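S.K.: Residue numbers (the numbering used here), protein chains in the order written: chain A, 800 to 1210; chain B, 160 to 591.
You may find that some hints are simply not true.
Cross-link-like lysine-lysine pairs, in silico, DSBU-like; alpha carbons within 30 Å at most [what the hints assert, rightly or not]: (1) Lys-925(A) <-> Lys-376(B); (2) Lys-371(B) <-> Lys-933(A); (3) Lys-583(B) <-> Lys-1137(A); (4) Lys-409(B) <-> Lys-291(B); (5) Lys-369(B) <-> Lys-925(A); (6) Lys-463(B) <-> Lys-376(B); (7) Lys-371(B) <-> Lys-925(A); (8) Lys-933(A) <-> Lys-376(B); (9) Lys-409(B) <-> Lys-925(A); (10) Lys-933(A) <-> Lys-409(B); (11) Lys-933(A) <-> Lys-583(B); (12) Lys-534(B) <-> Lys-294(B); (13) Lys-271(B) <-> Lys-371(B).
No lab work stands behind these hints: they were computed from the structure. Since we're looking at a predicted model, the values are computed, not measured.
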Amino acid sequence: MATGFHGVGAAVAALSSSPSNSFDSKKLLCSPRRSFPVRKGASFVVDRSDGSVNLDNNPKARRAQQLIVNAVANKADSSPASSSSKPGHELLLFEALREGLEEEMDRDPRVCVMGEDVGHYGGSYKVTRGLAEKFGDLRVLDTPIAENSFTGMGIGAAMTGLRPVVEGMNMGFLLLAFNQISNNCGMLHYTSGGQFTIPIVIRGPGGVGRQLGAEHSQRLESYFQSIPGIQMVACSTPYNAKGLMKAAIRSENPVILFEHVLLYNLKERLPDEDYICNLEEAEMVRPGEHVTILTYSRMRYHVMQAAKTLVNKGYDPEVIDIRSLKPFDLHTIGNSVKKTHRVLIVEECMRTGGIGASLTAAITENFHDYLDAPIMCLSSQDVPTPYAGTLEEWTVVQPAQIVTAVEQLCK
Amino acid sequence: MATAFSAAKFTAQPFPLNPASTTSHDSSIVFAKPTSLFLGSTRKLRLTSYSKFNLSRRSGTVDAVSDVVKQKKSKSSPSLLITKEEGLELYEDLVLGRAFEDMCAQMYYRGKMFGFVHLYNGQEAVSTGFIKLLKQQDSVVSTYRDHVHALSKGVPARAVMSELFGKTTGCCRGQGGSMHMFSREHNVLGGFAFIGEGIPVATGAAFTSKYKREVLKEADCDHVTLAFFGDGTCNNGQFFECLNMAALWKLPIVFVVENNLWAIGMSHLRATSDPHIYKKGPAFGMPGIHVDGMDVLKVREVAKEAIGRARRGEGPTLVECETYRFRGHSLADPDELRDPAEKAHYAARDPITALKKYLIENSLASEAELKTIEKKIDEVVEDAVEFADESPVPARSQLLENVFADPKGFGIGPDGRYRCEDPKFTEGTAHV
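Full structure from sequences and hints, please.
M.R.: Written out as structure tokens, the structure reads:
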């Protein structure tokens, strides 16, 4: 069972199929490291334990393949040999984030961290543990409690040549920085006519935790999604956490990286080689035929748990972790819709104005002809997350509801 | 020789801050030893009632910085504050600011520029006094009243006027407008529409300067950042938060308050519990200076010290410039609330007239030379208008061009290609 982490939800615990609580991709019948080009109804499911990839002959697919996550970054060919030769190493998600951050800080001296308690304390979820000792107090800056101002300071630093990673101790605190994030982070590249770039990464834990109360359980992705000029990604596994962290730091755009409070202790074996995850791409978690389930962050695990039940009942769901909350990867999503013709969105945002709402609109606009049924969107209730455990459980989408929804959709 | 700051020796260790009880002679405190030259936390707060605006009280607090100037002048009689070249440079910059803003008003009423336009008439001494001391690599952050800051920093009048007209040749390609003047080349970091919003950005630029020196080991990096903002902003949280951080980390920044006594229609005295803004500096551990912002030479003297302090790594300074805007808050402001007597009082202290008088009285320049400068500036401004008039408006393809530095941020379309690969994409689509 989950050790040393008090907040693990039932869904996460259920994933631990082995005593060591490791997230084993093979057991879930998916390869989280690949999103496969699916064209014209043909599905290429290459699920090899060594993580290698079969390229098809279609040049467009090959081109799409080049956009895809590679275990070995920056190599034109993802040769199977290189990814299978090294043993890899096991890390928890927060350690994966730290490893990604540390590697980027080693690589580029302009990368710096700022936030509350990121330095000496090592971060409230220990993502930055040890970094201040290694890189110094200026590079891993403990800020006073002034979100609006230190986020703005990060933006000013980014404009003048640094590459800051700003941590919101909880994403909810970034509501205080909304002014800077919306007005400056998103807009300054444009209002300056392209003169100033803002290669900032804003990251932190959000989402509904374990009875943390309403204010610590917020889903800010729904508030930020309209801001032009920013990208938003949500990590869900140690592999994509590290990959997205590195990609976000390397990106010239401002990126908001959403982590989830309950996912920090997931364990996975990561490659030893350098790799990044594409910021704009979705991740194929489980290919299937009957229904497309789109999800992200913690709800991925509720979906996968529901998927087990569904498989037992004879359904074959295709599960996609959209990962990129803004912009949506309409290619991966579209191909799936064209295949299954049924869409279920499972998200943790509230019903009103969430990522699911936008996704529903985007799919309806683009793939209306391919749908055999209206899109179903399961979201959290429109309520400030209650403290009581039972109420909190009913606030977010549970696997049983996902099963029911799929059954309804596939009638 | 007394200077505006007699800085105590710079000590590296953090000092216990107890501004209420420190005396002016405690030399272990790292802000300047307050003397009679400026008011730090040492003066007791004279709580007087500000039930109605009292001009004489205000001028009573204009303090010893002018004493410095007077001292200097009297000590060695022919010693002047500026050389002829400096004087002419300052005069030209003042006149440029004034002429440009006057032209803006004209153009606005002729329908060449739109939206909110905030003019700087009357406050030119602050911009000229500070910015003319900067190097190109130093940064300036301003507010919506930013035309003249950009001009003083070196952004060509043509580029600013084009920007105001919304043309592609504007400094921000027409995408920013009056309130968002940016120049990478001249390190003008904006132009911000919400007050207080630029102060953290300025703090960040100062942070970069310190980072470059200490982490990236660019030993000679001593770039200074100036943050300009008004009296209304001094009641905003971002102001205080940044004073704290700048003093805490000894960032090379100068906070310049352009106190023109009015935030649109809100008098500073009606909005602020303690209207002495300079006093808020020592509360955070930095010197707080008050200076007559209508006198470019006084501003320049104070600016020299403040910028010098920042360059030497001694940390930030808060400078409150008492100044006045001759026009309304913006071109849409009827400006009905301000007392005509107050306006007349400050009109009599027009910074351009004052400098002109100084230059002529001290034989630094002749009337003819100054007239030549004025004529030259008129031509520059006329040329700027012509250039802006003739410049093209942005094409539709410019619409989405600078939303992302890396346009892959628009994402992958249904066909599997990045949207930005479609050349027509920047014309704008409704697709998400």
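S.K.: A separate judgement is required for each hint: does it hold in the structure or not?
M.R.: Cross-check of the supplied hints:
1. Lys-925(A) <-> Lys-376(B): holds, 29 Å
2. Lys-371(B) <-> Lys-933(A): Holds. Lys-371(B) to Lys-933(A) sits at ~18 Å (cutoff 30 Å).
3. Lys-583(B) <-> Lys-1137(A): Holds - the C-alpha atoms of Lys-1137(A) and Lys-583(B) are around 26 Å apart, at most 30 Å.
4. Lys-409(B) <-> Lys-291(B): Since the Cα atoms of Lys-409(B) and Lys-291(B) sit roughly 23 Å apart, the hinted pair holds (cutoff 30 Å).
5. Lys-369(B) <-> Lys-925(A): Holds: Lys-369(B) and Lys-925(A) sit about 27 Å apart, inside 30 Å.
6. Lys-463(B) <-> Lys-376(B): holds, 26 Å
7. Lys-371(B) <-> Lys-925(A): Holds, at about 27 Å.
8. Lys-933(A) <-> Lys-376(B): holds, 17 Å
9. Lys-409(B) <-> Lys-925(A): Distance ~28 Å between Lys-409(B) and Lys-925(A) Cα, so the pair holds.
10. Lys-933(A) <-> Lys-409(B): Holds. Lys-933(A) to Lys-409(B) sits at ~22 Å (cutoff 30 Å).
11. Lys-933(A) <-> Lys-583(B): violated, 47 Å
12. Lys-534(B) <-> Lys-294(B): The hint holds at about 27 Å.
13. Lys-271(B) <-> Lys-371(B): violated, 43 Å
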